[in-house]
Amino acid sequence: MTERIYLRHPSQDETVAVGIGFSWPALLLGFIWALMKRLWGIAAFMLAVDLALGLIGLAGVSADLISLALSIVFAIYCGMRANDWHRRDLQRRGYLVVPGP
Numbered sequence: 435m436t437e438r439i440y441l442r443h444p445s446q447d448e449t450v451a452v453g454i455g456f457s458w459p460a461l462l463l464g465f466i467w468a469l470m471k472r473l474w475g476i477a478a479f480m481l482a483v484d485l486a487l488g489l490i491g492l493a494g495v496s497a498d499l500i501s502l503a504l505s506i507v508f509a510i511y512c513g514m515r516a517n518d519w520h521r522r523d524l525q526r527r528g529y530l531v532v533p534g535p
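Numbering (the numbering used here), first residue to last: 435 to 535.
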């Protein structure tokens, strides 16, 4: 079972659950996950890195392998940081941590 942090905006009647730890959706969906969570800056950063790594891969066979390895490392990094990015964005927008249901 995944542990979660619950956040609620003082003027809204909605509680948002944010996982703690690794985010498989962020690893698998990349910048699309960030767009779904309304993390516009993070989505732009992820897309820019993905495009840059894709361009590196066009340079040749050895560059393609390096690009693949870096893409995997970047995806793992995003999976490790994603829930923290989401929680911080919600807190920046005024959400407060509340006890779970």
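Think of the hints as simulated: they come from the structure by calculation, not from any bench.
Think of the CB as a built atom: it goes at the ideal place given N, C-alpha and C, for glycine as much as any other residue.
Take these hints with a grain of salt, some might be off.
Restraint-style ranges between C-beta atoms, simulated for each label pair [claimed, not checked]:
id: 1; residue 1: Ala493; residue 2: Asp518; range: 30 to 36 Å
id: 2; residue 1: Gly534; residue 2: Asp484; range: 43 to 49 Å
id: 3; residue 1: Gly488; residue 2: Arg522; range: 46 to 52 Å
id: 4; residue 1: Arg438; residue 2: Arg472; range: 26 to 32 Å
id: 5; residue 1: Leu489; residue 2: His443; range: 38 to 44 Å
id: 6; residue 1: Leu485; residue 2: Glu448; range: 30 to 36 Å
id: 7; residue 1: Thr449; residue 2: Trp474; range: 47 to 53 Å
id: 8; residue 1: Gly494; residue 2: Thr449; range: 36 to 42 Å
id: 9; residue 1: Asp484; residue 2: His443; range: 39 to 45 Å
id: 10; residue 1: Arg526; residue 2: Asp498; range: 37 to 43 Å
id: 11; residue 1: Leu481; residue 2: Tyr440; range: 26 to 32 Å
We went through each hint and held it up to the structure:
1. Between Ala493 and Asp518 the beta carbon distance is about 33 Å. The supplied range of 30 to 36 Å therefore holds.
2. Between Gly534 and Asp484 the CB atoms are about 35 Å apart, so this pair departs from the stated range of 43 to 49 Å.
3. Checked against the hint of 46 to 52 Å, the C-beta distance between Gly488 and Arg522 comes to roughly 28 Å, which is inconsistent with it.
4. A C-beta distance of roughly 18 Å is found between Arg438 and Arg472, which places it outside the suggested range of 26 to 32 Å.
5. Distance hint check: the CB atoms of Leu489 and His443 are about 40 Å apart, consistent with the given range 38 to 44 Å.
6. A C-beta distance of roughly 34 Å is found between Leu485 and Glu448, which places it inside the suggested range of 30 to 36 Å.
7. Checked against the hint of 47 to 53 Å, the pair Thr449 and Trp474 fails, with Cβ atoms roughly 23 Å apart.
8. The given range of 36 to 42 Å is broken by Gly494 and Thr449, whose C-beta atoms sit roughly 51 Å from each other.
9. As the Cβ distance of Asp484 to His443 is approximately 31 Å, the hint placing it in 39 to 45 Å is violated.
10. Distance hint check for Arg526 and Asp498: the Cβ-Cβ separation is about 38 Å, which falls inside the suggested range of 37 to 43 Å.
11. The beta-carbon spacing between Leu481 and Tyr440, approximately 30 Å, falls within the hinted interval of 26 to 32 Å.
Hint compliance for this structure: hints 2, 3, 4, 7, 8, 9 are not met, and every other hint is.
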